[in-house]
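Asker: Hey, can you work out the whole structure from these sequences and the hints?
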Amino acid sequence: MWTCKNLWKKLSPLARSSSTLCRQNARGVVLNNERRLPLVPQAHMSSGTPGSGGDNNLYYLLVGATCVGGGFYAYRTIKGDKERYQERINEIASRPNKVVPEQPITEAPGEQAAETPQAPEPVVEPAPEESVGTPDAGPVVESEPSVEPSPVEVTEEPPAPVVESEPTPVAESLPAETAEPQTTTETESAAEPATVAPAEVPAPTPVEFPSHAPYLLIGGGTASFAAARSIRARDPGARVLIITDEPDLPYMRPPLSKELWFSDDPSVVDTLRFKQWNGKERSIYFQPPSFYISPQDLEKVENGGVAVLTGKKVVHMDVRGNKVTLSDNTEISYDKCLIATGGVPRNLQVIERAGEEVTKRTTLFRKVEDFKALDKVSRDTKSITIIGGGFLGSELACALGRRSADSDLEVIQMFPEKGNMGKVLPEYLSNWTTAKVKSEGVMVITEALVKAVSFKDGKVEIKLKDGRLVKTDHIVAAVGLEPSVELAKSAGLEVDSDFGGFRVNAELQARSNIWVAGDAACFYDIRLGRRRVEHHDHAVVSGRLAGENMTGANKPYWHQSMFWSDLGPDVGYEAIGIVDSSLPTVGVFAKATAKDTPKAATEKSGTGIRSESETEGTASSPVASSTPEPPPVPERKDNYGKGVIFYLRDKVVVGIILWNVFNRMPVARKIIKDGEEHADLNEVAKLFNIHED
Amino acid sequence: MSYCKQEGKDRIIFVTKEDHEAPSNAELIADDPNDPYEDQGLILPSGEINWNCPCLGGMASGPCGTQFKEAFSCFHYSNEEVKGSECIDNFRAMQECMQKYPELYPQEDENEGADAAAPPLVDSTAPVPTEDSSPASVPSSNSTPSPPTPESAPSSDNTPPTDSQAAS
Numbered sequence: 001m002w003t004c005k006n007l008w009k010k011l012s013p014l015a016r017s018s019s020t021l022c023r024q025n026a027r028g029v030v031l032n033n034e035r036r037l038p039l040v041p042q043a044h045m046s047s048g049t050p051g052s053g054g055d056n057n058l059y060y061l062l063v064g065a066t067c068v069g070g071g072f073y074a075y076r077t078i079k080g081d082k083e084r085y086q087e088r089i090n091e092i093a094s095r096p097n098k099v100v101p102e103q104p105i106t107e108a109p110g111e112q113a114a115e116t117p118q119a120p121e122p123v124v125e126p127a128p129e130e131s132v133g134t135p136d137a138g139p140v141v142e143s144e145p146s147v148e149p150s151p152v153e154v155t156e157e158p159p160a161p162v163v164e165s166e167p168t169p170v171a172e173s174l175p176a177e178t179a180e181p182q183t184t185t186e187t188e189s190a191a192e193p194a195t196v197a198p199a200e201v202p203a204p205t206p207v208e209f210p211s212h213a214p215y216l217l218i219g220g221g222t223a224s225f226a227a228a229r230s231i232r233a234r235d236p237g238a239r240v241l242i243i244t245d246e247p248d249l250p251y252m253r254p255p256l257s258k259e260l261w262f263s264d265d266p267s268v269v270d271t272l273r274f275k276q277w278n279g280k281e282r283s284i285y286f287q288p289p290s291f292y293i294s295p296q297d298l299e300k301v302e303n304g305g306v307a308v309l310t311g312k313k314v315v316h317m318d319v320r321g322n323k324v325t326l327s328d329n330t331e332i333s334y335d336k337c338l339i340a341t342g343g344v345p346r347n348l349q350v351i352e353r354a355g356e357e358v359t360k361r362t363t364l365f366r367k368v369e370d371f372k373a374l375d376k377v378s379r380d381t382k383s384i385t386i387i388g389g390g391f392l393g394s395e396l397a398c399a400l401g402r403r404s405a406d407s408d409l410e411v412i413q414m415f416p417e418k419g420n421m422g423k424v425l426p427e428y429l430s431n432w433t434t435a436k437v438k439s440e441g442v443m444v445i446t447e448a449l450v451k452a453v454s455f456k457d458g459k460v461e462i463k464l465k466d467g468r469l470v471k472t473d474h475i476v477a478a479v480g481l482e483p484s485v486e487l488a489k490s491a492g493l494e495v496d497s498d499f500g501g502f503r504v505n506a507e508l509q510a511r512s513n514i515w516v517a518g519d520a521a522c523f524y525d526i527r528l529g530r531r532r533v534e535h536h537d538h539a540v541v542s543g544r545l546a547g548e549n550m551t552g553a554n555k556p557y558w559h560q561s562m563f564w565s566d567l568g569p570d571v572g573y574e575a576i577g578i579v580d581s582s583l584p585t586v587g588v589f590a591k592a593t594a595k596d597t598p599k600a601a602t603e604k605s606g607t608g609i610r611s612e613s614e615t616e617g618t619a620s621s622p623v624a625s626s627t628p629e630p631p632p633v634p635e636r637k638d639n640y641g642k643g644v645i646f647y648l649r650d651k652v653v654v655g656i657i658l659w660n661v662f663n664r665m666p667v668a669r670k671i672i673k674d675g676e677e678h679a680d681l682n683e684v685a686k687l688f689n690i691h692e693d
Numbered sequence: 001m002s003y004c005k006q007e008g009k010d011r012i013i014f015v016t017k018e019d020h021e022a023p024s025n026a027e028l029i030a031d032d033p034n035d036p037y038e039d040q041g042l043i044l045p046s047g048e049i050n051w052n053c054p055c056l057g058g059m060a061s062g063p064c065g066t067q068f069k070e071a072f073s074c075f076h077y078s079n080e081e082v083k084g085s086e087c088i089d090n091f092r093a094m095q096e097c098m099q100k101y102p103e104l105y106p107q108e109d110e111n112e113g114a115d116a117a118a119p120p121l122v123d124s125t126a127p128v129p130t131e132d133s134s135p136a137s138v139p140s141s142n143s144t145p146s147p148p149t150p151e152s153a154p155s156s157d158n159t160p161p162t163d164s165q166a167a168s
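Same order as they appear, the protein sequences are chains A and B. For the first sequence, the UniProt record's numbering gives the first residue as 1, with consecutive numbering after it. For the second sequence, the UniProt record's numbering gives the first residue as 1, with consecutive numbering after it.
Source of the hints: derived by calculation from the structure; they are not laboratory data. Watch out, some of these pointers could steer you wrong.
[Unchecked claim] BS3-like cross-link-like pairs, simulated, lysine-lysine; straight-line CA separation at most 27 Å:
no.: 1; chain 1: B; residue 1: 17; chain 2: A; residue 2: 670
no.: 2; chain 1: A; residue 1: 436; chain 2: B; residue 2: 9
no.: 3; chain 1: A; residue 1: 555; chain 2: A; residue 2: 323
no.: 4; chain 1: A; residue 1: 418; chain 2: A; residue 2: 436
no.: 5; chain 1: B; residue 1: 9; chain 2: A; residue 2: 300
no.: 6; chain 1: A; residue 1: 275; chain 2: A; residue 2: 418
Answerer: What follows is the structure in structure tokens.
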């Protein structure tokens, strides 16, 4: 998926380095020139060693040649990239056939810099066209009835990246709002496999949008929902508007790569309900549709409520005027705004460039429709390869591996590290985990760097750097998340260069009336320093906190969020804080019994989602176990049955993993909160009672 | 017998049950129950109700949030002999509202909605303040024993699992 951001990232260092090179060389040449002048008369007038004169000439020659060569190379690369890029854009633009194809394509090459001349056009055209074919512009306040957001997104994309690719800041500096909506429209729409396109049919009845929302939440995921709830709890009668570009109401993500795959219900893909280990069933949606009020009623309903605007993308943010612009030119003003835009899955460049046959056999897993698509793929194909050895990759591998037990599906997982969760777990545990994943039926290929991907003879061929060749039917790329920060430009918000995401303070505030929460927030953690966290519980905690602060609380991020992962029913862990395998660790282990499994943990606490077991379960107080005492387990070869692993930074515990030890998170949280140096971590480990249940 | 090994920068210790029998001498800093940064339980130190407590589930934020807040507030501040006896109207209003949203507030038992809400709340409010104020040597895992009935009755399965711990 080609994004202009990637292009700019690629181009800018090149441009920078070539310009530096040129500058340095130029400087060198100029200096030398200055020196040359006195030298030349010298050579004429006096003897002046012939050798030195010859050296100088050689020097000038070398410098000159380098300069020319460097400049030429840089020029060629930029030109070549631009051509390739143009090809790509044209190809993408030509894909959606429903939309008026001529307009976007003809506009794309035409639009090199200023878009202001376009301003008059869009006002006229969208009315009859209805498909807002030309890029948005201008202060068109009237809401567009029956808008197709998908063509808008796609057509806006060709002009926008073209503008972005211009090194000159000309386009960007245009004060007119006409320019800005263009530049901020990133190609996220292209990245998403035309999700909105098929779903959005021109609605016959015009949907009225509220023109003002006291609380505006951009993004409809976990953080946003948690914030909405927090706001409603604290501000009586609050009117909250959530705007999401997905077609779904807010839902939770963890089951998409875990519980939903283990469901026995064949219609799970439609119902999206999963059975928790304790037998209780629930939907992935936080609340059923009846919880929300319709956007039209938001301003009128007596006690306020939460309204969700689906299928709409916020493309521009006017911080001075306290308003946002949607992709269909609707403007909505706000009093307080939360940005919870999350992110989009990253892709490997080799896949993006591999051609359509490969990209249409590649899944970037994040949303409900990705789950539905992958579920179908797992039934229709014979071989799936997962690239990526982190949380998502490993969970999906285990889930698909389980499924492969009943079918002849081949599941392969490959990643550059030495073992699963190689960046999280210390090596010995990572190896142990990899063995577990393999026992789930997955063929794990470690230390695998993907060199090239192609489509040959009906199979996707993945060529690794060490020469190995893997043939498969479908690829799932789980190689990270790119935070969605498109609004940073128009809103004038800072983006963090180390972690990505919007930079916010400890209170999650970016600017006066703007907060950011969830995956997209790079925040200051008072205890652990600046970080960005991509976990479910963090989204909940930060969303709640943002909601509290939006209603006047002014509390910093203090309650440390946790995360968990299950790799099948036998391996599960909960973790908190900074859990980075590059840190020194101290692990304290006991031998595990059959009682120490994630399944048993949730059965006991009566919840399915691990973070919930904290509020509903109890930690050290004995819980009457409903399951009878299991028979003594025979001695197992693996030593890492259950235990606690401490991650240290400058002798202070900054992260803790509870390995097959559950319902002890509050103790772990306390240890991290204290931030003390403990001389003997075994003593600290005692606090967890790892030998007991 | 416990033993220890070192793999590069990672240290691994294996302990038996006996090794961990002796109480820990690790020192933890005492918690300040009035710490403004901490997430509070159901009842704030000021005596007010924390509507944002995860233990309440979606009760205070849903469509019937206002009614719920009114009813619960009335009950909480009630000083009558039979606590909440003057709040019958509020509870009735709440129940009426909840009946309009059966999906959100499943009415398994007709009595559950309003009546059960009142008595169990008596149980919940009492222990909660004591838990909060007790110096937490082992940090109270959850400050609120989460009044299970009011939570489960009206909004059991629909309670989003987004609720992370109320207080540590």
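Asker: Now tell me, hint by hint, if it's right for this structure.
Answerer: Evaluation of the provided hints:
This hinted pair checks out: residue 17 of chain B and residue 670 of chain A have alpha carbons roughly 23 Å apart, not beyond 27 Å. Of the supplied pair hints, the one linking residue 436 of chain A and residue 9 of chain B holds, its CA atoms being roughly 24 Å apart against a limit of 27 Å. A hinted pair counts as satisfied when its Cα atoms are at most 27 Å apart, and residue 555 of chain A with residue 323 of chain A qualifies at roughly 25 Å. Simply put, residue 418 of chain A and residue 436 of chain A have alpha-carbon atoms about 14 Å apart, close enough for the 27 Å limit, and the pair holds.
At roughly 62 Å between alpha-carbon atoms, residue 9 of chain B and residue 300 of chain A are farther apart than 27 Å, so this suggested pair is violated. Of the supplied pair hints, the one linking residue 275 of chain A and residue 418 of chain A is violated, its CA atoms being roughly 34 Å apart against a limit of 27 Å.
The structure fails hints 5 and 6 (numbered hints given earlier, in ascending order).
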